[in-house]
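A.B. asks: Protein chains in written order, with my numbering: chain P, 176 to 374; chain L, 176 to 374.
Bear in mind the hints are in silico, worked out from the structure with no lab data behind them.
Ideal Cβ positions, reconstructed from N, Cα and C, are used throughout, including at glycine.
Just to be clear, a hint being listed does not mean it is correct.
Across the chosen pairs, the derived CB separations fall in these ranges [claimed, not checked]: (1) Ile293(L) to Asn291(P): 30 to 36 Å; (2) Ser210(L) to Ile350(P): 40 to 46 Å; (3) Ser229(P) to Asp360(L): 51 to 57 Å; (4) Ser229(P) to Val341(L): 16 to 22 Å; (5) Ile350(P) to Glu361(L): 41 to 47 Å.
Protein chains: 2
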Amino acid sequence: MSFFPPSLENLIDKFASLPGIGKKSAQRLAFYVLSLPEEEAVSFASAIIDAKSSVHCCPVCQNLTDGEICSVCGDERRDKSMICVVSEPRDVLSFERGREYKGVYHVLHGVMSPMNHIGPDDLKISELISRISEGGVHEVIMATNPDTEGDTTAMYISRLIKPFEVRVTRLAYGIPVGSNLEFADEATLTRALEGRREM
Amino acid sequence: MSFFPPSLENLIDKFASLPGIGKKSAQRLAFYVLSLPEEEAVSFASAIIDAKSSVHCCPVCQNLTDGEICSVCGDERRDKSMICVVSEPRDVLSFERGREYKGVYHVLHGVMSPMNHIGPDDLKISELISRISEGGVHEVIMATNPDTEGDTTAMYISRLIKPFEVRVTRLAYGIPVGSNLEFADEATLTRALEGRREM
């Protein structure tokens, strides 16, 4: 049912096409944008164009950047022999927030998901393999999410890497720091037991 | 902490400025927009510009339209002597969905809210009064939301309309159709009792 002016319906549809935004929320957002001063609405629109035109994948690690290569790959102090493989650019942010990791990254831009028809060729896996084949890499840390798809992707990639005789590790599973045993699920507890270490 | 390229940070900030969108959701939306094909991102941006430039308030009822007057005000079959006063354009949609109401509307674009510094002058109240003062209006139905702010706004406007000797009514309060008495709150039940009618 189209009740609003076509251009407004179109804007609502655009918002509704975003992930996690339903029809009602899309209406609310569209009304909000209409209520903005002219220049703010225009600057919203240009923010989309600007980001889309200037941001691209770092040719080395596939993280998002607006430079020739990203700030991590361009940093002389980072250890280029250690690659942390993550599924999304936002995962890089999570690691960088910790300020502990001194290696570099590789962003897959997704995980393998047969249900959603996402196979290895839809991810930046070949780019990772060619990085490793160039030599100088000692360890690859698989840091995809600890769920079925993340595990499958990590497993698949680790098999591809095996011929290069590079150390392949996986992030530790276990109880989150500061959490309560009472609320830990069984799978996590089992993994935490398996991964127990000497004190 | 600015980790992403500036143009991406800017786009994230724009999304985060929308109502109900937090920083994390804004990141997700910005990444999604970046993942769109070039032409779709551009068409998103132009949807904002188009809607903003073509949609304005109907000079009669203040509902959003891209024409000279809105489709309801321009419809010869609608009863111009009955005005339904709502707070938001989306409320018009709710009534139109019912296909029962044959009168016209007046959109206030908000409700009086001292907490948010929204007074009568911030709403389209003077436009309503001047519509009524032109004559030909027999009934004004106050259809603001049944909450404190909606009630206050309805009360305020009904006092302003009184001198014009126009019938002013308020939507009925009561149990929603199809709902369960068990879950009805006390205030609603009290109002439903007060508003009981002969069967």
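A.B. asks: All hints are to be evaluated individually against the structure, with a verdict given for each.
C.D. replies: These are the hints, each one checked on the structure:
1. Ile293(L) to Asn291(P): 30 to 36 Å: violated (45 Å)
2. Ser210(L) to Ile350(P): 40 to 46 Å: At 34 Å between Cβs, range violated.
3. Ser229(P) to Asp360(L): 51 to 57 Å: Roughly 52 Å apart at Cβ, these two residues keep to the hinted range, so it holds.
4. Ser229(P) to Val341(L): 16 to 22 Å: violated (58 Å)
5. Ile350(P) to Glu361(L): 41 to 47 Å: holds (45 Å)
This entry does not satisfy hints 1, 2, 4, going by the numbered hints stated previously.
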